[in-house]
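Peer 1: The listed protein sequences correspond, in order, to chains G and X.
For what it's worth, our numbering labels the leading residue of the first sequence as 376, then goes sequentially.
For what it's worth, our numbering labels the leading residue of the second sequence as 27, then goes sequentially.
Treat the hints as calculated values from the structure; they're not laboratory data.
Please note: incorrect hints may appear among the correct ones.
[Unchecked claim] Which bits of chain X does chain G cover? Going by a derived footprint, with three or more residues having C-beta under 8 angstroms, they are:
no.	region
1	107-116
2	126-133
3	226-233
4	261-275
5	312-326
[Unchecked claim] Here chain X is said to cover these stretches of chain G; the calculated rule only asks that three of the stretch's residues, wherever they fall, bring their Cβ under 8 angstroms from a Cβ of chain X:
no.	region
6	655-663
7	735-744
We put the beta carbon where it would ideally sit given N, CA and C, even for glycine.
So you can see what is in the structure, the chains are spelled out below.
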Amino acid sequence: MPSVMQSLFERYEAVIGLEVHVELKTGRKIFCSCRARFGDTPNSCVCPVCLGMPGALPVLSDEAVALAVKAGLALGCRINRRSWFDRKNYYYPDLPKGYQITQLERPICEGGAVPIETSDGKRSIPLIRIHIEEDAAKLIHRGGETLIDYNRAGVPLIEIVSEPAMRTPEEAKAYLNALRRILSYMGVSDCRMNEGSLRCDVNISVRRRGDPDLGIKCEIKNVNSVNYVGRALEEEILRQSALLDAGVEIRPETRRFNEDTGKTEKMRDKEGAVDYRYFTEPNLPPIVLTDAWMDAVARSMPPMPDEAAAALVRDFGVKPENAAMLTSSVWLADYFTRCASATPYRAVCESLFVGEILERLDRDGPQEYLTPHALAAISALLGEGKIVSGSAKRLVHLAAESGEDPVRLAERESMLKISDEAALTPYIDAALAASEKAAADYRRGKVTAIRQILGTVMRESGGRADPIVAGRMLEERLKN
Amino acid sequence: MKDITELTAAQLSACLHRRELSASDAASAYLGRMTLREREINAYITPTARRALEAAAEADRRLAGEDAPALCGIPYAAKDNLAVAGVRMTCASEMLADFVPDYTAAAVERADRAGGVLLGKTNMDEFAMGSSTERSIAGATRNPLDVTCSAGGSSGGSAAAVAAHEAVWAIGSDTGGSTRQPASFCGLVSLKATYGLVSRRGMTELASSLDCVCPITRTVTDCALAMNLLAGQDTGDMTSFSSDEDYTIGLDAGVSGMRIGVVQPEVLAECEPAVKRAMDRAVRLLEALGARIETVELPLEMALEIYMVVAAAEASSNLARFDGLRYGSAKEGATASDQMRAARSAGFGDEVKRRILTGAYALSSTYGGGYYRKIKAAQATVCRETDAVLGPLDAVLLPTASGAAFRLGSYADNPTALYRSDCFTTIANLTGLPALQLPGGGDGHLPVGISFMGKKRSEKTLFRAAYALESELSAFLGREVGRDAVGYAKPF
């Protein structure tokens, strides 16, 4: 790090708070039954309610409320048994009704914290609140014109607001990663930043170390990857502390992160803030959570992802680094657990699952790629030494695509190892005939020369020859 | 034989169910009547003749069977702020001049499902803001009882259609008196039910927490029949609640033993003499029928003032969606804001702009600074006080408007003076309580209205009191109320 920057970092401290918007994974919009899914044809999932047609009224999705409460419970928030919606009024082309239905006065969750781990150790980042709101439409700027895709209008969101409790970009990144892990594991959201199901606004101010007062903050809107959040923060800390160092006052601004230049740029001043003319939403009665409803949600809560990962290590001998990956969602942890339970060859199963299946699930979403039974059969073939590891990998995909019995597939595809002496004899004969020099070397006492001959056997048999049997047969033949 | 259009809903229903008349006969008679009267009255913005004839033919098929609902085949009209799929809905505004919804309001859905025959969409003040049905892209509606006078508003088209026998009954919307006042000006009956009893889905919102979808009818009995059809929970309106009442049962149980409050005499000081006489007459008749009368005090003045703020505030938000992007004619502008400003400046009339500005000001944290919070607290006080007054009573009697219909154009130069004419009606919207308007007599050719207001969900009590009074007054008013036919109408 150049010494100027280093000196700035030593003298100035950042105060960072994040506002994270997360799309709730209900599959439906929050106030109507339109489908909510990434990648649908623009404006194909719309109705009078999400288009804000005159007279169309919102009907609150119970499932969205349940997911918001789940998020709150997972993050240790206080759940308000009575909360309500407010209208936030402003004009923008992406806002069909001219107002957004959100929660201002009484959010559904308050307090709570996100546990993080950085190079400095473990910390807990406290939360201010989580509230429910509807998403706006998506503006697509193309050439000189702007198109509006209303598919996103009315998608259920929660906004998770942290205390300004983070001090470094590393902490902010760790916070985002921890939040993503918990929420996606709980099935609250996909948390895909590239698809916009998790979006992050960053609030940051800088002050001289030791100064008890907060500096003037800037907001960096809609930063769309964890790495960009880190880079935007580094940039902004540098910019603000350099300004302070030069005796220039920071202006409260809304800024954006330019991914091409790696710099933050001013969008608008924050002074003269918009007056949102909030008032209680009259079309929706307050959300009142009964004991019975709360019990049902609490019962449906899975263990926290860290506990689930620890259980995989403990019960199935899974490697810790794999356990974290296998607990990225409840569904995945369950799928893996069913696979691992179906076979005594757990290490083999784990490596095939992580090596071959995970990637497909990332691509195709949560659907069972291969049945636990089939994976168990392949694990047994490999574990018992009947096939080689390369064949096992190929077999995973062949079985998944054809749905056929892996053992029969392995036979048909000639994957089973050749350990029968009669069947191996032709390969041995051919290899010896082709390796006269190596055979002579061996007989002269160069024991390692046998490896070359065995290599020929393996190559000629397409890797299927059982190396132990073939090696023994070669030794016998060379002795005579 | 009488002209078909003279029959009340109850009478026509009996004729249709006895197959003395067909729904198609009735629809044709009304469409004919519309042709005769519309040039003068201007009750409709968009007639739906073809749709009406098709609905009538379908109603006739149902009436040939056993279980046709009471209002099957009965022609009705709907205010032009209620969506009907495939039919233009203008809300009397330039902003929606070409807007055709592809969804139907719950109230119209219910009427259609019961075999109702929609004759058309009726005139109103722009976005239901007004009390005279003069501020409309379709021009003013004239009062059928005196065409130089206003039919009231904002549901003036609905009231005029019923009074001119251009519809048997009509659906309107009442946010601060917008069905009761026109019903009073046109000598008709209208019930603003408890907030939530009738679904608002598909009604263009004015002030969501105050809006009610309401029937306007010729008689109390017809009003009860209409409420049977309109009332009930709708999963599409989370503020609606369930009801399985039959409002036609027990109408004639009388008022003997009822405790009825009469609004404080001071408020009558500003009313026309005819209103005072109607109130006195009603009190005498109720007493004669065995009701106990006592004077009460309602916070009418405070309710009116709070109403103006709440209604304007919610309207300013509800009308924000009309930004020229999807409604109104798109305007040129350098930025999206410029385009919206241009579209809204061109698309809205003066009264709408006046209320949007007032409402935005009241909600503004910069200008209002906690003002709206105080208004909502004051509203809660009005509710408490009114509940306390109604506690020991069955109903309160009060005027509907301070006078009979005024001449068209009376308020052209002084638009805000018209706000005061809502001083007896807004309290029911602000408190969510039911209020039923019925004709109370009048001077000469123009009637004045009186209202019963009651506790939450006391619609049946109000119907009973109004029915008893209507019987006594009918001779005086010289109008028939179709009592002969009640027995024939099947409950819905």
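Peer 1: Now tell me if each hint is right for this structure.
Peer 2: Tested hints:
no.	hint	result
1	107-116	holds (count 4)
2	126-133	holds (count 4)
3	226-233	holds (count 7)
4	261-275	holds (count 5)
5	312-326	violated (count 0)
6	655-663	holds (count 5)
7	735-744	violated (count 0)
Violated hints, in rising order: 5, 7; the structure is consistent with all others.
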